[in-house]
Amino acid sequence: MTETRITKTFKSILFYAGTIALCVPPVFVFVWMILTGLKTGVQNIAYPPEFIFVPTLENFRAVFEQYNFFRYLVNSLIIAGFATGISLVVGLPAAYSIAKYRQGKIGLMILVARMTPFVSYLLPWYIIFRYLKLIDTYMALTITHLIITLPMVIWLMVSFFESVPTELEDAAMIDGCSRLQSFLIIVLPLVRNGIATSAIISFIFSWNQFLFSLILSGPKTKTVPVAVYNFISYGKIDWAGIGAAATLIVLPVSVFAFFVRRTIVQGLTMGALKE
Amino acid sequence: MKTAFRALTRFIDRRQAFAYPAPAVVTLFLIVIIPIVFNLYLAFTKWTIGLGQPRFIGLGNFIELLSDERVLNGVKVMIYFSGLSLSLEMVLGLLIAVYFNRQFKGSEVVQAIYILPFAATPVAVALIWRIMLNPEIGVLNYLLQSVGLPGSLWVSSPKTVIPALVMVDVWKWTPMITLIVLAGLKSLPHNPYEAARVDGASALQIFWYITLPLIRPVLIAALMLRSLDNLKEFDMIYTITQGGPGIASETLYLYSYNVGFNFFKAGYGSALMVVVFLIVLVFNVVMNRIRLSAQEL
Chain H
128 MTETRITKTF KSILFYAGTI ALCVPPVFVF VWMILTGLKT GVQNIAYPPE
178 FIFVPTLENF RAVFEQYNFF RYLVNSLIIA GFATGISLVV GLPAAYSIAK
228 YRQGKIGLMI LVARMTPFVS YLLPWYIIFR YLKLIDTYMA LTITHLIITL
278 PMVIWLMVSF FESVPTELED AAMIDGCSRL QSFLIIVLPL VRNGIATSAI
328 ISFIFSWNQF LFSLILSGPK TKTVPVAVYN FISYGKIDWA GIGAAATLIV
378 LPVSVFAFFV RRTIVQGLTM GALKE
Chain W
201 MKTAFRALTR FIDRRQAFAY PAPAVVTLFL IVIIPIVFNL YLAFTKWTIG
251 LGQPRFIGLG NFIELLSDER VLNGVKVMIY FSGLSLSLEM VLGLLIAVYF
301 NRQFKGSEVV QAIYILPFAA TPVAVALIWR IMLNPEIGVL NYLLQSVGLP
351 GSLWVSSPKT VIPALVMVDV WKWTPMITLI VLAGLKSLPH NPYEAARVDG
401 ASALQIFWYI TLPLIRPVLI AALMLRSLDN LKEFDMIYTI TQGGPGIASE
451 TLYLYSYNVG FNFFKAGYGS ALMVVVFLIV LVFNVVMNRI RLSAQEL
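Chains as they are written, first to last, in my numbering: chain H, 128 to 402; chain W, 201 to 497.
Next comes chain H alone, as it looks inside the complex:
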């Protein structure tokens, strides 16, 4: 079977038409999100919906000035930053040890953490934090976010540590390094891509977390997902505000996801696909 050039070109055009068709649904929702943010309140409830209009940045200004959105962005940043930082400090040595000494029992603990419904943690934590008067504190939110990010960082990093050849460490120790030094100076720099990947994935998951923050945050520590959700509970739905706020929340996540696009799927599935 020899293909002529024309049928080849035709096939390729057909393929790209299909590709575009398959990319429309994922893209459309985000386009609509941005358009909603750029329309006025009146334009947003017009029917038929307007596709071409004069964009306004008024909603973005309102989100910051009326809804105090900057505060919530900072809250989310602080909590996601702490959760990710602690997860790395505590999780990296653990992952290294699991990879090196095949400590399956810790792996099981992580699996249990992953399988348990979040509400099962939330109720006990709510009762404990209520008792300790820690509701609406960064500490309470960081602790609960760790439930998600710590197992995730360990889960991801085990595979990265497994790919480090042991000869390098042995050589470092012959040269007089202690094990701790060889871990810090030799091993960690070798897995820096893995660390970056798991840090970003951990950050994204904490940033996106809704359930824990819904119950445990308050006026002082409200995170962005809860803040944008509250746009619909003020009696009337502020669609333009939701569009603007959603755009602001999704933007950093998208940028991060783009950086780890090669590893994010590998990262999310690693544990599941191996074993």
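These aren't lab readings, by the way, just hints derived from the structure by calculation. Treat the hints with care, as some may be off.
[As the list claims (entries may be wrong)] Chain W stretches covered by chain H per the calculated footprint, using a threshold of three residues with CB under 8 Å from any CB of chain H:
1. 234-244
2. 278-290
3. 368-378
4. 464-470
[Said to hold, decoys possible] Simulated pairs of lysine-lysine, DSS-like, Cα-Cα distance not exceeding 30 Å:
5. H:K138 <-> H:K260
6. H:K347 <-> H:K363
7. H:K260 <-> W:K246
8. W:K359 <-> H:K363
9. H:K260 <-> W:K202
10. H:K227 <-> W:K386
11. W:K386 <-> H:K347
12. W:K359 <-> W:K276
13. H:K135 <-> W:K359
14. W:K305 <-> W:K386
15. W:K246 <-> W:K276
16. H:K138 <-> W:K305
17. W:K465 <-> W:K276
18. H:K135 <-> W:K276
19. W:K386 <-> H:K138
20. W:K386 <-> W:K246
[Stated by the list, open to error] Derived list of chain W stretches under chain H, where covered just means 3 residues or more per stretch with a C-beta under 8 Å from a C-beta of chain H:
21. 251-265
22. 307-321
23. 395-408
For each residue, glycine too, the CB sits at the ideal point set by N, CA and C.
Mind docking chain W on chain H? Use the hints.
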């Protein structure tokens, strides 16, 4: 001070297998295991948060939930929602992955686009869907009507609410399944394909007799991974319908949340959460069995 530090590093060096995971194990014990045990304990008590002390009632909660109509409704909704969304995501994810499984210019762009739906903040995206699904002025009905199709009530009607939520879930997660399966397809051996082509097998035969059996372990693993979150879907359903209209989209998981945090019945809510955990566990154990037996073949 210096000697103490040196003693500490020497201890860490000598007992590496113990010292390295110790902080993580202690942390996980405190933040994961203790709440789970507490939750388990509460499941056997009767207690309204803020009123008195938990009172041990044995299996009382579990007996009560057997005759609770909202539990039955929750299980039905869960099966309907998860069954439909998981199967659609697997089938569509596989087909789209097969479609993209070739070298082409722009594959990186497609990959970047396909990450967006599942990486983006669920609440933010769900709110946009809520806007788009509005039956009167939403853009979805407008698009349907502009090509001559009738509009739908989407999440405003108990009849269509689950299919509409499934649509959002499929939109969000099919891309992830696609990317996982695509990675799996790329790592398959070439030999069987060449042999099949020499024997003159059709594209459909190749897919059915070669690709599908080879990719099955990846599919099952992806399904397990997906089911972990799908059976516990909260953000999207809560944001779009809060379980409504009425209780038409109230999954067992959402009901357990309502019992715990709207009715403050900590004991009964905990019992429901234990049931949700058991469902997730059983599903995954069964899937793992299937996966292992598939590998032995």
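Worksheet item: Of the hints stated earlier, which fail here?
Response: Violated: hints 2, 5, 9, 11, 13, 18, 20, 21 and 23.
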